[in-house]
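The whole structure should be built from the sequences, with the hints applied where relevant.
So the sequence lines, in the order shown, correspond to chains A and B.
1 is the number of the first residue of the first sequence in our numbering; add one for each residue after it.
1 is the number of the first residue of the second sequence in our numbering; add one for each residue after it.
There could be a bad hint or two in this list.
As the list claims (entries may be wrong) - Here are the computed lysine-lysine pairs in the DSBU-like style, where the Cα-Cα straight-line distance is at most 30 Å:
no., chain 1, residue 1, chain 2, residue 2
1, A, Lys39, B, Lys206
2, B, Lys202, B, Lys64
3, A, Lys39, B, Lys202
Claimed, not checked - Incomplete in silico selection of chain B near chain A, CB under 10 Å:
no., residue
4, Ser155
5, Leu159
6, Glu168
7, Lys169
8, Phe187
9, Leu189
10, Asn190
11, Met193
12, Arg195
13, Lys290
It is worth saying that the hints were derived from the structure and are not from the lab.
Every residue gets a Cβ at the ideal spot worked out from N, C-alpha and C, and that includes glycine.
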Amino acid sequence: MDALRLCESDYRFMSVIWENEPVASRELVELCAEKLGWKKSTTYTTLKKLCEKGFAQNADTVVSSLIPQNKVQTYESERFVERTFEGSLPQFLAAFLGGKTLSDQEAAELKRLIDAHSEG
Amino acid sequence: METLFIKILNMSITASYVIAAVMIVRLLLQKAPKKYSYLLWSAVAFRLCCPLSFQSVFSLFNMKPFDMTAAQSYGKEALQYIPDQIGTMSQPNITVGIPVANAMIAGSLPAATPTASVNPVQIWLSIGTILWGVGMVALLIFGIVSYIRLHRNLSNAILAEGIVYYSEKVRSPFVLGFIRPKIYLPFGLNENMQRFVLAHEKYHIKRLDYMIKPLAFLLLCVYWFNPLCWLAFFLMSKDMEMSCDEKVLSSEGQIQKAYGTLLLSFASNRRFPVPSPLAFGESSVKMRIKNILNWKKPTPWITSIGTVLCIAVLAACSANPTLTKSTTGIPLNQLQSDYSLEQAKNDGCVVFEDNDITSGQSEWDAFIKQTGEGKPASIRLAYYYTLGDPSQYAPELYEEIKDDYPMLYVKDLTFDGELYTIEGYEDNQLISKQYQYLMKYEGQPQSSTAIFSNYLYYVLTNDDTVTWGEIEHGLFSSQFGAWIDHYLVYTDLIFK
Numbered sequence: 001m002d003a004l005r006l007c008e009s010d011y012r013f014m015s016v017i018w019e020n021e022p023v024a025s026r027e028l029v030e031l032c033a034e035k036l037g038w039k040k041s042t043t044y045t046t047l048k049k050l051c052e053k054g055f056a057q058n059a060d061t062v063v064s065s066l067i068p069q070n071k072v073q074t075y076e077s078e079r080f081v082e083r084t085f086e087g088s089l090p091q092f093l094a095a096f097l098g099g100k101t102l103s104d105q106e107a108a109e110l111k112r113l114i115d116a117h118s119e120g
Numbered sequence: 001m002e003t004l005f006i007k008i009l010n011m012s013i014t015a016s017y018v019i020a021a022v023m024i025v026r027l028l029l030q031k032a033p034k035k036y037s038y039l040l041w042s043a044v045a046f047r048l049c050c051p052l053s054f055q056s057v058f059s060l061f062n063m064k065p066f067d068m069t070a071a072q073s074y075g076k077e078a079l080q081y082i083p084d085q086i087g088t089m090s091q092p093n094i095t096v097g098i099p100v101a102n103a104m105i106a107g108s109l110p111a112a113t114p115t116a117s118v119n120p121v122q123i124w125l126s127i128g129t130i131l132w133g134v135g136m137v138a139l140l141i142f143g144i145v146s147y148i149r150l151h152r153n154l155s156n157a158i159l160a161e162g163i164v165y166y167s168e169k170v171r172s173p174f175v176l177g178f179i180r181p182k183i184y185l186p187f188g189l190n191e192n193m194q195r196f197v198l199a200h201e202k203y204h205i206k207r208l209d210y211m212i213k214p215l216a217f218l219l220l221c222v223y224w225f226n227p228l229c230w231l232a233f234f235l236m237s238k239d240m241e242m243s244c245d246e247k248v249l250s251s252e253g254q255i256q257k258a259y260g261t262l263l264l265s266f267a268s269n270r271r272f273p274v275p276s277p278l279a280f281g282e283s284s285v286k287m288r289i290k291n292i293l294n295w296k297k298p299t300p301w302i303t304s305i306g307t308v309l310c311i312a313v314l315a316a317c318s319a320n321p322t323l324t325k326s327t328t329g330i331p332l333n334q335l336q337s338d339y340s341l342e343q344a345k346n347d348g349c350v351v352f353e354d355n356d357i358t359s360g361q362s363e364w365d366a367f368i369k370q371t372g373e374g375k376p377a378s379i380r381l382a383y384y385y386t387l388g389d390p391s392q393y394a395p396e397l398y399e400e401i402k403d404d405y406p407m408l409y410v411k412d413l414t415f416d417g418e419l420y421t422i423e424g425y426e427d428n429q430l431i432s433k434q435y436q437y438l439m440k441y442e443g444q445p446q447s448s449t450a451i452f453s454n455y456l457y458y459v460l461t462n463d464d465t466v467t468w469g470e471i472e473h474g475l476f477s478s479q480f481g482a483w484i485d486h487y488l489v490y491t492d493l494i495f496k
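See the structure below:
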């Protein structure tokens with residue numbers, strides 16, 4: 001069986017659970033606020049999602065993991081927000097106008113330029 | 001709302017010239033640090049925000065091919081190419097501040113059709129105003145919605161330290177937030193990379209770029225109909241990024257290769273291609289990488305030239321031109337109802353008291369000189385009439401009219417390079433007439449009972465062969481058709 005995979009932020013959240021389980025959900029909210037900089041709503045949303053996926057459980061407001069840390073790996077998310085909206089609000093317009101993505105050929109050409117650059 | 005739209009259009013025209021000027025200077029500054037180019041855009045922002053400006057001989061608009069005489073005829077502080085009352089003008093009249101272009105526009109606007117209930121220009125104005133409003137709101141909503149979506153997507157970003165967060169949804173680092181900005185980084189940057197990136201983003205924050213950019217976007221929402229404003233926004237963003245890149249380079253030393261590679265990895269780190277809806281020249285990453293590779297520590301020589309040029313251009317682009325003394329301050333229809341003879345004199349009007357010039361001779365001479373060279377000009381005329389000696393009138397008549405006097409009529413005389421327009425308000429009604437020629441007549445009165453010995457008249461006519469004698473004859477003749485269309489604008493009498 002393939003190792004179970006989580007995206008980086010979910011993994012960090014699970015790490016908080018692994019380190020502190022069993023943990024009262026109220027306490028988990030505080031831990032996440034401190035360690036991850038999360039709002040209460042973010043913590044609950046993520047907890048609910050991971051419970052549904054079977055990584056954790058929330059029994060009578062006590063949270064614990066269902067899968068040990070060594071079985072889980074992270075993967076790089078394929079969904080980049082600023083693919084569409086390049087960063088800070090109006091930057092999406094820069095993406096709109098400038099097309100921030102490079103073609104493979106352009107990337108290769110730039111790579112060559114950088115490599116050829118001698119740092120004097 | 002329509003008046004506001006006209007104001008926006010006027011500001012948009014001035015700003016377009018400033019954008020063009022900034023773009024040209026940017027080319028000259030190509031080798032200089034990009035912070036100068038970035039700073040130049042503030043002149044554009046100023047022109048887009050503020051309709052008024054100070055006057056200076058160093059103004060960009062004092063240079064060829066500009067001639068802002070007509071644009072300043074409604075007020076020196078604001079450049080008005082399109083008059084507020086365009087919708088109700090019988091002969092709509094606009095200028096763009098460049099005589100050659102003015103000549104092309106002249107006559108292309110539909111004249112008021114007396115039979116139709118609405119002026120065609122008025123209809124176009126209404127449609128334009130609605131389109132403008134709709135576009136503005138749509139773009140604003142688009143901006144706000146995408147901001148909220150992005151913000152929500154970043155809610156599970158992981159706090160690194162202070163204001164720095166990691167998120168797997170971030171492809172390349174950026175700053176977000178209007179009041180308390182946060183820096184978002186992708187996961188997995190090594191220590192060096194993170195240091196470069198943070199230096200770049202922290203410089204954005206220090207310079208308040210995270211506020212400048214949304215404000216610039218707000219301006220773009222207002223001026224969305226002007227393609228040059230989109231171009232300006234795009235170029236400004238690029239200058240903003242490049243100047244931050246240069247800041248990193250100057251504080252970190254020889255890191256061009258590493259930093260360039262880092263940017264390249266952000267840009268080419270993509271899982272699925274997105275075709276850009278509006279491919280626009282070179283992509284900005286490409287420009288940035290090239291800029292990084294070409295970067296050299298600026299020499300004091302370049303720095304000083306850049307600073308001086310920058311200040312000069314900023315001043316020239318922000319200032320309004322000083323031209324032939326424009327006599328007009330506020331539009332005619334906005335003059336206060338008790339506008340006095342004294343005020344007219346102080347405002348530099350050419351003042352005639354009981355048909356004889358008493359003030360503003362030099363303004364008039366300047367007007368004649370300007371129009372004599374075929375250049376557009378405008379001047380404000382004030383005609384003051386008193387009743388004089390009561391014994392000249394029948395007592396009943398005197399009683400009836402004495403409260404109406406003294407009277408003051410204020411008119412604007414404008415020459416657009418082709419035609420003379422005289423206009424003024426009578427009973428709140430705009431009366432506007434156009435003539436081809438401004439004729440000068442000098443001589444002695446024919447009547448021996450005249451109270452003056454010499455006259456000097458300037459008269460608007462449509463016939464440059466007509467004599468004053470013929471005009472006078474038409475005035476007194478009862479014969480049908482003897483009347484010659486004319487408008488006496490200037491009288492200087494030498495009394496016996």
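Hint by hint, here is what the structure shows:
1. Lys39/A / Lys206/B: holds (26 Å)
2. Lys202/B / Lys64/B: violated (43 Å)
3. Lys39/A / Lys202/B: It holds: about 24 Å lies between the C-alpha atoms, which stays within 30 Å.
4. Ser155: Because about 5 Å separates Ser155/B from the closest Cβ in chain A, which is inside the 10 Å limit, the hint holds.
5. Leu159: Check passed: Cβ of Leu159/B comes within 3 Å of chain A, closer than 10 Å.
6. Glu168: holds (4 Å)
7. Lys169: Constraint on Lys169/B satisfied, holds at 4 Å.
8. Phe187: Since chain A brings a Cβ to about 5 Å from Phe187/B, closer than 10 Å, the hint holds.
9. Leu189: The hint is violated - Leu189/B has no Cβ within 10 Å of chain A, the shortest such distance being about 12 Å.
10. Asn190: Since the shortest Cβ distance to chain A is 15 Å, the answer is violated.
11. Met193: Interface hint status for Met193/B: violated (14 Å vs cutoff 10 Å).
12. Arg195: Hint on Arg195/B: violated, closest Cβ of chain A at ~18 Å, above 10 Å.
13. Lys290: holds (7 Å)
The structure fails hints 2, 9, 10, 11 and 12 (numbered hints given earlier, in ascending order).
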